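Student: The lines below spell out each chain.
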Amino acid sequence: MSAPLVDIRNVSHRFGQLPVLKNVSLAIEPGSYTILLGPSGSGKTTLLSILGGFVTPSEGKVFIRGADCTAVPPARRPTTTVFQDYALFPHMSVGGNVGFGLRMQGVDGATRAAKAREALALVGLAAAFDKKPHQLSGGQRQRVALARALVIEPAVLLLDEPLGALDLKLRRQMQDELKAIQKRVGTAFVHVTHDQEEAMALADHCVVMNDGRIEDEGSPERVYARPKTRFSATFMGESTIVAGKAGASRDGRVTVTTELGPISLPGASTVGAALALAIRPEHLVLGDTKGDVALGTAKVSDVVFQGSFKRVLATSVQDPALQFMAKAPASAIVQPGDTTAVSCNAQDIILLAD
Amino acid sequence: MRAVVRIAAWLYAIAVYGFIFLPVVVLVLFSLQATSFPIPPFTGPSLRWYQAVLSDTRLTSALVNSLLVAVLSSLASVTLGFLSAWGFARFVLPGSALLRGLITLPLTVSYLIIGMGLLVLFNWAGVPKSLLAAGIGHVVINLPLCFAIIYSQMGDHQINIERAARDLGAPEWKVLLMITVPVMAPAIFAGFFLSMTFSWDEFVISFLLTRFETTLPVEIWNLLRSGLNPKTNAVGSLVFAVSVVLVVFFELTLLLRKPA
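Going down the list, the sequences are from chains A and B. Per the working numbering, residue 1 is the first one in the first sequence, and the count goes up by one each step. Per the working numbering, residue 1001 is the first one in the second sequence, and the count goes up by one each step.
Think of the hints as simulated: they come from the structure by calculation, not from any bench. Here the structure is a predicted model, which is why all the values come from computation and not from measurement. There may be inaccurate statements among the hints.
As the list claims (entries may be wrong) - Dumping the calculated PhoX-like pairs for lysine-lysine here, alpha-carbon to alpha-carbon at most 25 Å: (1) A/K228 / A/K327; (2) A/K310 / A/K299; (3) A/K290 / A/K310; (4) A/K132 / B/K1174; (5) A/K290 / A/K327; (6) A/K169 / A/K179; (7) A/K115 / B/K1129; (8) B/K1174 / A/K131; (9) A/K131 / A/K115.
To be verified - Restraint ranges, calculated between C-beta atoms of paired labels, are given here: (10) B/S1152 / A/Q17: 41 to 51 Å; (11) A/S25 / B/R1090: 31 to 41 Å; (12) A/L18 / B/T1079: 52 to 62 Å; (13) B/D1156 / A/K183: 51 to 61 Å.
As the list claims (entries may be wrong) - One side of the interface only, derived from the structure: several residues of chain A facing chain B at Cβ under 7 Å: (14) A75; (15) A87; (16) M104; (17) G106.
Every residue, glycine too, gets a C-beta built ideally from N, C-alpha and C.
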């Protein structure tokens, strides 16, 4: 097995007395697109700053290409950052901005210009070489920032909420381009976001963070289908959470006692442990019981038409504290006030420790 | 009734502006006097007194001295002011607010006190009265000003720009010279021109700290001791004209700033 490109070992960080990262370890593979996903205050931006060298962690080590970079300043580590506000140099032309890193390496003017043009062409802005940053739109500035960071061929490119300032349409478009550019250059990207859709669309490796810890990490498909924690199940996509207590486990199945009655599903747990059952909206079935697990009846409180489907919120009749979140076909006839049976299939239920 | 208020307001405005500008108008007007006394009736216009000023080597050399002191002391003030503003804006220092207060404190102290203080200090340190001593005095009064102007314009949005430069491999001195200074250029120029203005017509400190070679305001004062004559008006008008040019430059650099 080859060594990871970046190896973060047991990193903790405090701002004053406030712990923002608690014993985080993470490996980043060459050529991968890693997304750090989490709500604000989860420590994802701090982790990125530690990778970029802007913050030295209170404890732990960071290895890049096998070298200890924990206290190496940003100028001398093989990382570059695309800042959230782009941080272009306002007094320099776009070409000057993109060529800045090469200029600092002592590359001569002609080579610099050629490479800067190449990098601008890569992000689709070949014509902007002589413009000033203030003449460009937000999306174009974003691309310039990307070209400026890529042109010096870093080992890792760090992106701090790069799409946060763009409107939704542009965001989805830039998202596709980011992925395409990453595949073309083959540089490892580490991208911070709080947008789970962005995470699912871009990540090879998705890292869900909460409260200074890594809650879950893996391929986005795995994190979505089989989240490891309750937080991950609710932050990466929506879930209906049914609380319960573990009963007897036998033959690879466990019976969980819930307000909705006993539910038997694949898995194992110690008797008496508090559990949470997470069910994705697309796995909940409304109307005549079709799934093999009955979840009682529920009163529909809200229906939101989303184009290709209807998002249905319903409150359980058996447990008024329980909110079902279901995805119904666009053609489904369902209205607020309706009472409907709810069911699902046992293999779609995600068993989590509560 | 409203018409009366309007007229009163206009009269008040005219009185205020008249009060401010009449002395200058009189000064400039009688610098163009053809006869030997700057008193009515006006006998000009004539440029003879300007000719007299420009052929007076004492006045012209004082003018050159003044320019030299203004340019060099302003350069020193703006450099030191910029560096201290950068330090306060970018680093967490113990007692930062107190130190910032101390650095701007000389703005509130009268020039007479600063001049006397420097006189005593230079006497003790063995620095002779000279243009250099006056220049140092001007740095003392202008550094706080440059600091205040530049510090007020150093926002947080420039922090990421500096970070980006460091991230791309720039050593600290290149970050300062290639990024921070150009980005802060409007505030730096504004500080420079305002310092020039203040140094250019500063009298008390120059009077106390110079001896043989001196600055234009001190030379004008020497001239006034022998009584009023249109030559003093002419040289005063020249000083005023230069000040106006400097203030216009100051306003232009500060007001025509492009939004970042």
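Student: All the hints need checking, so say for each whether the structure fits it.
Tutor: Status of each hint after checking the structure:
1. Restraint check: the Cα-Cα separation between A/K228 and A/K327 comes to about 22 Å, which is no more than 25 Å; the hinted pair holds.
2. Taken as a hint, the A/K310 and A/K299 pair is honoured in the structure, with Cα atoms around 16 Å apart against an allowance of 25 Å.
3. For the suggested pair A/K290 and A/K310, the alpha carbons sit about 19 Å apart, so the restraint of at most 25 Å is met.
4. Of the pairs offered as hints, the one joining A/K132 and B/K1174 holds, with about 21 Å between alpha carbons and a cut-off of 25 Å not exceeded.
5. With a CA separation close to 15 Å, the supplied pair A/K290 and A/K327 stays within the 25 Å bound.
6. Between the alpha carbons of A/K169 and A/K179 the distance comes to roughly 16 Å, so the proposed pair stays at or under 25 Å and holds.
7. Of the pairs offered as hints, the one joining A/K115 and B/K1129 is violated, with about 58 Å between alpha carbons and a cut-off of 25 Å exceeded.
8. Annotation: proposed proximity of B/K1174 to A/K131 holds, straight-line Cα distance about 23 Å (limit 25 Å).
9. At roughly 17 Å between alpha-carbon atoms, A/K131 and A/K115 fall within 25 Å of each other, so this suggested pair holds.
10. Distance hint check for B/S1152 and A/Q17: the Cβ-Cβ separation is about 32 Å, which falls outside the suggested range of 41 to 51 Å.
11. Distance hint check: the CB atoms of A/S25 and B/R1090 are about 32 Å apart, consistent with the given range 31 to 41 Å.
12. A hinted range of 52 to 62 Å for the beta carbons of A/L18 and B/T1079 is inconsistent with their spacing of about 39 Å.
13. Roughly 35 Å separates the CB atoms of B/D1156 and A/K183, a value that falls outside the hinted 51 to 61 Å.
14. Residue-level restraint check for A/A75 holds (minimum Cβ-Cβ distance to chain B is 5 Å; threshold 7 Å).
15. Restraint check, A/A87 versus chain B: the minimum CB separation of about 4 Å is within 7 Å; hint holds.
16. Taken as an interface hint, A/M104 checks out: its beta carbon lies about 4 Å from the nearest beta carbon of chain B, inside 7 Å.
17. With a least beta-carbon distance of about 10 Å to chain B, the hint placing A/G106 at the interface is violated under the 7 Å criterion.
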